[in-house]
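There are 2 protein chains.
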Amino acid sequence: MIIDIHGHYTTAPKALEDWRHRQIAGLKDPAVAPRVAELVISDDALRESIENNQLKKMKERGIDLTIFSPRASFMAHHIGDFNTSATWAAICNELCFRVSQLFPDHFAGAAMLPQSPGVDPATCIPELEKCVTEYGFVGVNLNPDPSGGHWTSPPLTDRYWYPLYEKLVKWDIPAMIHVSTSCNSCFHTTGAHYINADTTAVMQLIQGDLFSDFPQLKFVIPHGGGAAPYHWGRYRGLAQEMKKPLLSEHLLQNVYFDTCVYHQPGIDLLTQVIPTENILFASEMIGAVRGIDPETGYFFDDTRRYIEAADLTEDERRMIYEGNARRVYARLDKSLSAMGK
Amino acid sequence: MIIDIHGHYTTAPKALEDWRHRQIAGLKDPAVAPRVAELVISDDALRESIENNQLKKMKERGIDLTIFSPRASFMAHHIGDFNTSATWAAICNELCFRVSQLFPDHFAGAAMLPQSPGVDPATCIPELEKCVTEYGFVGVNLNPDPSGGHWTSPPLTDRYWYPLYEKLVKWDIPAMIHVSTSCNSCFHTTGAHYINADTTAVMQLIQGDLFSDFPQLKFVIPHGGGAAPYHWGRYRGLAQEMKKPLLSEHLLQNVYFDTCVYHQPGIDLLTQVIPTENILFASEMIGAVRGIDPETGYFFDDTRRYIEAADLTEDERRMIYEGNARRVYARLDKSLSAMGK
Numbered sequence: 127m128i129i130d131i132h133g134h135y136t137t138a139p140k141a142l143e144d145w146r147h148r149q150i151a152g153l154k155d156p157a158v159a160p161r162v163a164e165l166v167i168s169d170d171a172l173r174e175s176i177e178n179n180q181l182k183k184m185k186e187r188g189i190d191l192t193i194f195s196p197r198a199s200f201m202a203h204h205i206g207d208f209n210t211s212a213t214w215a216a217i218c219n220e221l222c223f224r225v226s227q228l229f230p231d232h233f234a235g236a237a238m239l240p241q242s243p244g245v246d247p248a249t250c251i252p253e254l255e256k257c258v259t260e261y262g263f264v265g266v267n268l269n270p271d272p273s274g275g276h277w278t279s280p281p282l283t284d285r286y287w288y289p290l291y292e293k294l295v296k297w298d299i300p301a302m303i304h305v306s307t308s309c310n311s312c313f314h315t316t317g318a319h320y321i322n323a324d325t326t327a328v329m330q331l332i333q334g335d336l337f338s339d340f341p342q343l344k345f346v347i348p349h350g351g352g353a354a355p356y357h358w359g360r361y362r363g364l365a366q367e368m369k370k371p372l373l374s375e376h377l378l379q380n381v382y383f384d385t386c387v388y389h390q391p392g393i394d395l396l397t398q399v400i401p402t403e404n405i406l407f408a409s410e411m412i413g414a415v416r417g418i419d420p421e422t423g424y425f426f427d428d429t430r431r432y433i434e435a436a437d438l439t440e441d442e443r444r445m446i447y448e449g450n451a452r453r454v455y456a457r458l459d460k461s462l463s464a465m466g467k
Numbered sequence: 127m128i129i130d131i132h133g134h135y136t137t138a139p140k141a142l143e144d145w146r147h148r149q150i151a152g153l154k155d156p157a158v159a160p161r162v163a164e165l166v167i168s169d170d171a172l173r174e175s176i177e178n179n180q181l182k183k184m185k186e187r188g189i190d191l192t193i194f195s196p197r198a199s200f201m202a203h204h205i206g207d208f209n210t211s212a213t214w215a216a217i218c219n220e221l222c223f224r225v226s227q228l229f230p231d232h233f234a235g236a237a238m239l240p241q242s243p244g245v246d247p248a249t250c251i252p253e254l255e256k257c258v259t260e261y262g263f264v265g266v267n268l269n270p271d272p273s274g275g276h277w278t279s280p281p282l283t284d285r286y287w288y289p290l291y292e293k294l295v296k297w298d299i300p301a302m303i304h305v306s307t308s309c310n311s312c313f314h315t316t317g318a319h320y321i322n323a324d325t326t327a328v329m330q331l332i333q334g335d336l337f338s339d340f341p342q343l344k345f346v347i348p349h350g351g352g353a354a355p356y357h358w359g360r361y362r363g364l365a366q367e368m369k370k371p372l373l374s375e376h377l378l379q380n381v382y383f384d385t386c387v388y389h390q391p392g393i394d395l396l397t398q399v400i401p402t403e404n405i406l407f408a409s410e411m412i413g414a415v416r417g418i419d420p421e422t423g424y425f426f427d428d429t430r431r432y433i434e435a436a437d438l439t440e441d442e443r444r445m446i447y448e449g450n451a452r453r454v455y456a457r458l459d460k461s462l463s464a465m466g467k
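Residue numbers (the numbering used here), protein chains in the order written: chain A, 127 to 467; chain B, 127 to 467.
It is worth saying that the hints were derived from the structure and are not from the lab.
A hint or two may mislead.
As the list makes no split between identical chains, a pair holds if one copy fits it or if it spans any two.
[Claimed, not checked] Straight-line C-alpha distance at most 30 Å; calculated BS3-like pairs for lysine-lysine: (1) Lys-370 x Lys-140; (2) Lys-370 x Lys-293; (3) Lys-369 x Lys-182; (4) Lys-369 x Lys-183.
Next comes chain A alone, as it looks inside the complex (with noise of 0.2 Å):
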């Protein structure tokens, strides 16, 4: 089977935005703040919102099964306070929650977190147990600059992650290390701020020795890794002159990257550079680029046919579509054998 890890609910009913216009509205005049009983959205049009966007897509491309968490750019954690984030990660999670239960074969959910700047992470907590226990979802998406490109938080390296970090690795849960908008007007949101946001995890990463206090924990990289496998020479060499070990055991027990990237050159390099066994198929579809690429006739996410082309033997492909994804995803692993896949 093919699994893609990375897909975002960017195609919910409109009803989901306007709702979450006037919750921004509330923060400034509260007498248009709205109720959460206010939203509703009928099964009927979630089904609507899939079967014509995502589903369609993932039968066009021969994708059985997607990870699939809230829209990664309107977490925008940076608005308001905890409880605005708090009360639209509930109801963005609920809704993925819903698809994956309205399409139980071809969506298993991933989390968005309450997390708002300069609030204790552990505070998000409640959420993702919610999400794990009662929602059966695999993975969480972390935001390591809840402050919107203005990167006020500390390190993923720091003590201050580590809350929240005991209990990913309680549940067996990866974290997506995923941004959200940027609201700083240099960064541009998926062409700067994300692709820096992966880097810059990398990095903080290779600066610290977060494994060391929790050997069990995975994290994964989107978008390719960023820079950093384009990169890899720098980053070796960088460690290198830290003294940390090699990054085949400083970084790669615990660290995956995902195939969001949109061309063959780039995942040639991917596949090239780092092992098959730390590579997630992924797409990101309907995401950040929706165009089609004039120089092959294909959309620029479809990263199946790049993987496809790209020269890995079928066992690699494998790894890549299923199995390192059941080995990283403890628990999608579990629900899936329970169901006899």
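Knowing the structure of chain A, use the given hints to seat chain B on it.
What follows is chain B alone, placed relative to chain A:
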């Protein structure tokens, strides 16, 4: 001949660093602030610092000439105010000028600017003018984030920067977009901030239309263009969604990438994805990554080896080594021609 367009004076005599430490101490306690005249570095000390370092390696690697600017991580524009930066930039530029006078066959100067967060970039023009007209410098480093990792300046496409661009065009000087030390603990200086800045700059230029206003302006994006070539499909796709022209037209008439990518697969991708005429040979030697790659037995920053091993014709290699540099650094070409080279 082989021109390395990206070298910094990372090996300056220690007196320089000592003076800077006193200058920084003087910001708190003006009584300890040093006078400029207190910094005395002899020609012999300069010669020694170059002959045993950059020039030695240039000879070993067959590099004829380096475009040489003050140490990037020492620019630290976030420290002090405009006057702090002005004094410091003048000192550092003068040292590079003296190196270019001592070794006219091997070094051509590029300026650092006396940038300071929140200060009008036009204040940098007098220092730049001196470097170009008196020192014969052929390039300049422009820091898109003088705050050192807080990104408080407007994007490079903002009119804020235009007074400087007017002079760059007037003097036919390309700008290398190069940040300095990060004072944000999230960003490792050479492992995250440098690479992020490159990626950020490329995306700012894609979002904007700067080169419509300045068709003659030339930017060099160092470190192989950050993440941009690896994610070239993403950038082509984002430009397309923004209804921009093809990147070959929108970006590559004015933007060049250097070859500071420290492993073979990265250089292979760069030379495959980016047109040869947009690639400039560089190593930033004795810079961010000074060790020997255990996988090859050669220095990580010995980028000439990667160019030699890349799938390029001899004509293409000549363009990367010399032709493109002489086209982009027009003042260098003039002075080389005047020397019969």
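> Which earlier hints can't be squared with this structure?
Replying inline: none
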